[in-house]
Structure formats: C-alpha cells, structure tokens
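Undergrad: Residue numbers (full-length UniProt numbering), protein chains in the order written: chain A, 1 to 287; chain B, 1 to 320.
It is worth saying that the hints were derived from the structure and are not from the lab. Quick reminder that beta carbons are idealized off the backbone N, C-alpha and C, glycines included. Be aware that one or more of the hints could be misleading.
[Said to hold, decoys possible] Selected chain A positions facing chain B (Cβ under 7 Å, derived; list incomplete): (1) 102; (2) 222; (3) 254; (4) 256; (5) 257.
[Said to hold, decoys possible] Covered stretches of chain B, as calculated for chain A (at least 3 residues, CB under 8 Å): (6) 53–65; (7) 85–99; (8) 250–261; (9) 271–285.
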Amino acid sequence: MSDFLQYLVAGLAVGCGFALLASGLVAVHRVTHVVNFAQGMFAVVAGLTAGSLLSAGLPHGAAELLAVLVAGAVGLLVGLIATGKPGTSAQSALIVTLGVGFVAYAVEIMIWGDNPRSHPGLRGSVQIADAYVQKQSFLVIGVTAVVFTLLGLFFTRTYLGKAFTACASNPYAARAVGIDVTRMGLIAFALGGMLGGAAGVLLTPLLPISYNSDVLLITSGFAAAILGGLTRPGLALVGALILGVAESMVAGYLDASYQTVVALLLMLAIMIWQASQRTSLTEEAAR
Amino acid sequence: MNESVLVLLLLSAIVVTGLSMLMGYAGQVSLGQASFTMIGAYTAALIATHGRPTWLGLLAAPFVATAAAALIGIPLLRLRGHRLAFATLAVQLVLLSVVGQQAWTGGDIGLQGIPLLNIGGYEFSGDRPYIYLALAALLLVVLITRNVVASRPGRGLRALATSEVAAESSGVPVATYKLVVFSLSAGFAGLAGGIYAFYIGYVSPGSFPVLLSFEYVVMVVVGGAGTIWGALAGATAITLLLQWLNDLGTREGMPASAPAVLSYAVYGVLLILVVLFLPRGLVPSATSWWARHVRWPRRRTSEPADTPSTAPKEMHYEPN
Chain A
1 MSDFLQYLVA GLAVGCGFAL LASGLVAVHR VTHVVNFAQG MFAVVAGLTA GSLLSAGLPH
61 GAAELLAVLV AGAVGLLVGL IATGKPGTSA QSALIVTLGV GFVAYAVEIM IWGDNPRSHP
121 GLRGSVQIAD AYVQKQSFLV IGVTAVVFTL LGLFFTRTYL GKAFTACASN PYAARAVGID
181 VTRMGLIAFA LGGMLGGAAG VLLTPLLPIS YNSDVLLITS GFAAAILGGL TRPGLALVGA
241 LILGVAESMV AGYLDASYQT VVALLLMLAI MIWQASQRTS LTEEAAR
Chain B
1 MNESVLVLLL LSAIVVTGLS MLMGYAGQVS LGQASFTMIG AYTAALIATH GRPTWLGLLA
61 APFVATAAAA LIGIPLLRLR GHRLAFATLA VQLVLLSVVG QQAWTGGDIG LQGIPLLNIG
121 GYEFSGDRPY IYLALAALLL VVLITRNVVA SRPGRGLRAL ATSEVAAESS GVPVATYKLV
181 VFSLSAGFAG LAGGIYAFYI GYVSPGSFPV LLSFEYVVMV VVGGAGTIWG ALAGATAITL
241 LLQWLNDLGT REGMPASAPA VLSYAVYGVL LILVVLFLPR GLVPSATSWW ARHVRWPRRR
301 TSEPADTPST APKEMHYEPN
C-alpha cells in the first residue's frame, strides 16, 4: 500500500510536468494549427538555465522564474521563425520546428556540454502513512494546479484569452473584428515557451536532463495532448496524469525500462482509436 | 573522398529514395524511417551470426522490413500528417527500447562478429566491393521507384496526396496504395540496413538513433521530395556537408564538442532555410529555374501559369 501511494504521487508529479508541456502544445496548436516539435526543447533550455543560474548564486525562485522567462523568449523566437513568413503551411512549420530543435542542440551543447544535468529542488520528503514522498513532487503538483487555474481564468476572463479562442475557432472572422492573428500566434508561442519552461524547471530535480531529452519530453507531451485532440487543455491534463501514473506504476511494479514503451503504446492506441472515429471526409472538411 | 563515406552515402541514398517517394507522392511524413533500416540490419545480422549463409541474410533484410512495415502500417496509416509523424517516431522509440533489452538481440551492446558477406564463393571484404554492392542496390531501388511512380499506381498516389476523398471517389484504392508505398519504402530501408550490417560488422541500437530518421527527412526535404534526383542530391549534399563539417570540427585547436555543434547548427539552419525559401527542395527549384531562365527565357513573361507553385503538395515527378 505504501509503495502504491509513493508511485501514485511520483506519477502524478511527472504527469503534471507532462501536462504543462502538453498545454503549451495545445496553446500553440489552437491558434496556429502548428504542432510545435520544439516544445520539449523549451523544457530542456529552462531546466539547464535554472541550473546555471542557481550555481551562479541566484536564490531559488528567482532563478526558476528567470529560466521560465528565457524559455518564453525562446518560444517567441521559434514562433517568429516557424510562422513569421506568410504562407507557411502547418506541415512545413512542423519541419521548421524540427530544424529549430537541431539549432538548439548546437547551442545547448556549446553552453552546457552533452552530459545530463540536474539542479536541486525542494529537499527532503514527507511521510504519509508508510510512504515517503519527495517534497519536490508536491511542489510540481501545486504549481501545476495554480498554472492551470490561471490558464483557465486567462482563457475565459481576459480579453487576450478570448481573442485566442476567437483565432482558434475562426481565424478569418477573428481578423474581421480586428484581431491580429499572426501576433496572437506569436503570443501563443511565447506562452507555450513559458509553459514548457515551467515543466523543465520543475521536472529537472526529479529527472536529470540533457540536450537530447527533448525527444522523449515532446513525445510525452504530444501523447498527453492528443487525448484532447490537441485543442482541449482540460483533456490534455487528464491525459498527462494518466500517462504519468501509468509510467510510474509500470516502473514501480514491472520494470523501469518498459515505462516509455507503455506510454508510447498508449499514445498509439489512443490515436488509432481516434482515427477510427473519424473519416478522411470529416478531416478534409475541417482543413 | 573517403571510400567508407561513399558506401554510407549510397546507403543513405537508398533509404532516402524510398522516403522521398513516401513523402512526395503519398504525402506522408515518416519520422521513424530508421526503424526499418534497423530491422533490415538486425535481420541480416541475426541470420549471419546463426551460421546461415550470409547471402540469405542480405536477401531476407528487405523482405522482413517490408513485412514489418505492412503489419505496422495497417493500423498506423489510418493516421495522417503530424499524427503519423509522431506515430512513426513512437514506433522507432519502442523498437529501440525493446531491442535494447532482449537477450537474443544482444541488448544495448548489439550483435558483433557478423561474418563478411559471401555470395557464390566471392567474399566481400574492404570498401571497394561494398561500393559496387551499394551502387547496384541503389540502381535497383531507383529502377523500382521509377517504374512505380511512372505507372497508374504512381498517378493514383499523387492524387491521394492532394485529396484522399477525391482520389477514393475516382477509384483509387487509397488504403492499399498507401500501404504498398509505405512497405516498399521500408523495404528499401531494410536493404540498406542489410548491407550496412555486413559492411560495418556489428549492429547495436545506438547505430540507429532517432536522429538518423530525422537525418533522412532532412535529406528528402533538402533535395526535394518526390523526385529521384532530389533524393540522390539530398543524400549526397548532406553526407558530404556532414563529412566536411566533421573534418572542420576535428581540426587542431577546436574544442571536443565542435563537430557535434557544427553539424547540428548547419543541419538545422539548412532545414529551416530550405523549407521556408525553397519549399520544393533544391533539385526541383533548380530545374524550374533552369527551364525559366536558360532554356525558354521568353516563356517566363508570356505564360505566367508556368511559374512554379510554392505549395509543397504539388511536387511533381520530373523524369530527368
């Protein structure tokens, strides 16, 4: 029982990290219809930056916040490259973000080298029943809850958030009422960068990252987001939590080396099930 | 040029020709093409290290890869666009993880001591025979591709890349054609993998990273998807560029990380620039430029309809 509780909380924490990544993907995809392959890279950049800032003597909190802002700036830059040129199709933009990922590899290796790095988070653990749970796990869960609440308020209560939804549902109509769709796309990329960055600074103390961790991070984020069809942040959160807990349970009870396999097979199953619910006619009509 | 670079270049060209057909004709992006190279290489290696004749291994490599792709393709090809891209990437990650843990595949260490390829008493050793072998394989692959794309199924494929609904309603068996082209491109990758296994002498999961799949996509995009010459040009250009960057990075006075940094940076920048500014790839852009400016300079003003469209969907097969 104590094992179960321990795995559950650890899984929820990792799942929350995936949820932040996934919500970044959703934010960008809703507005621009681009699947941002560089989403995992934001987490890597923020995680590594936070580590460097901490070792440079910045206090906890400030270092993490600054790292998230750096990731936001990187997100804006990626958005400019991927969607800044008029007439870039969503499919081309996916390949462009893949290219951006390569450039990021070069920069990351140059600055931080190619070994996995980690930085200390909240130390110590809490005892619940017989289980010891890392405090950092609770921090991740708490921060994610706050971020998702804020995101919900942002999308439903603010002008900018509503403009986002307008762009997502009908870009033409949004433009007609005076919303700058391109600028909204760029803001979405910056937001995606910050969300990915938040995932990075929160997860790095739990799982060390290196420059090429982005492939697994983006696949996990995509797996979570695909449950909500890349458009619904709420379902992405559910998907991410299921994924995190499933990975943690598999690692705990079966074999740690099978955890990514299970997650990936889950993603494939979801996508194939979703595809059986639609025909190519509905898909082409939606384009 | 180094002879071993030439072998690897030709092997990449074999894979890229198939992927180019898949991306340019069927309009599907595979981010996991190296999984089929890996299946081919492991098939050849397993057969050869278990005392069976090596030519059987080479022969089995493309067939096993084709069969695997057909099996995976049935559920997977219901997906399109970015979903298929991620699904193929997921397949490769699963494969890498599973192969890295099985005892009969040698785990993370892989299979070593693969005997030299022996066909009818002739033993392939050194670089030169493998150059000819890879060249022959490339010729075969190019010939098959040419015949496929210039046939009725080829036109059907081009139609389904534009609109599956329109193609289906005109009588193109969309699902079958997609599966066939997916399996065929996997078979090419498997063939390249088989030759690779005998040439290098060992295979391990580390020889077929996800980055290798991305590299194939870069080659296709840079050369121009949907053209045979584009695939060959893309594979050549990227291989030579990487080789040159590697030489540059390992010169004296360069830091140890220089080769990796240089190649990633140039890769990324090249991919971004080509997708944004030459969306049809180097070869189609160059041939249409040649046609407009050199061969028929007057047609440029009189026939505006002749100017190439920038839409990546409309990639055409150019016989020369």
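Undergrad: Just to make sure I understand the rule, a stretch counts as covered if three or more of its residues have a C-beta closer than 8 Å to a C-beta of the chain. Does the segment 53–65 of chain B meet that for chain A?
TA: violated (count 0)
Undergrad: Minimum Cβ distance from residue 222 (chain A) to chain B below 7 Å?
TA: Holds, because the Cβ-Cβ distance from residue 222 (chain A) to chain B comes to roughly 5 Å (cut-off 7 Å).
Undergrad: Return the status of the interface hint for residue 254 (chain A): holds when the least beta-carbon distance to chain B is below 7 Å, violated otherwise.
TA: violated, 12 Å
Undergrad: Does residue 102 (chain A) pass the interface check with chain B, least Cβ-Cβ distance below 7 Å?
TA: Because about 3 Å separates residue 102 (chain A) from the closest Cβ in chain B, which is inside the 7 Å limit, the hint holds.
Undergrad: Does the CB of residue 256 (chain A) sit less than 7 Å away from some CB of chain B?
TA: Violated - the Cβ of residue 256 (chain A) stays beyond 7 Å from chain B, reaching only about 11 Å at its closest.
Undergrad: Against chain B, with CB atoms and a cut of 7 Å, does the hint on residue 257 (chain A) hold up?
TA: With Cβ-Cβ at 6 Å, under 7 Å, it holds.
Undergrad: Would you check chain A against the segment 271–285 of chain B, counting CB to CB pairs closer than 8 Å, and say if three or more residues qualify?
TA: holds (count 5)
Undergrad: Would you check chain A against the segment 85–99 of chain B, counting CB to CB pairs closer than 8 Å, and say if three or more residues qualify?
TA: holds (count 10)
Undergrad: Please verify the coverage claim for the segment 250–261 of chain B: does it have three or more residues whose C-beta sits within 8 Å of some C-beta in chain A?
TA: Coverage by chain A holds here, the residue count being 3 at a Cβ distance below 8 Å.
When the structure is compared with the earlier hints, violations turn up for hints 3, 4, 6 and for no others.
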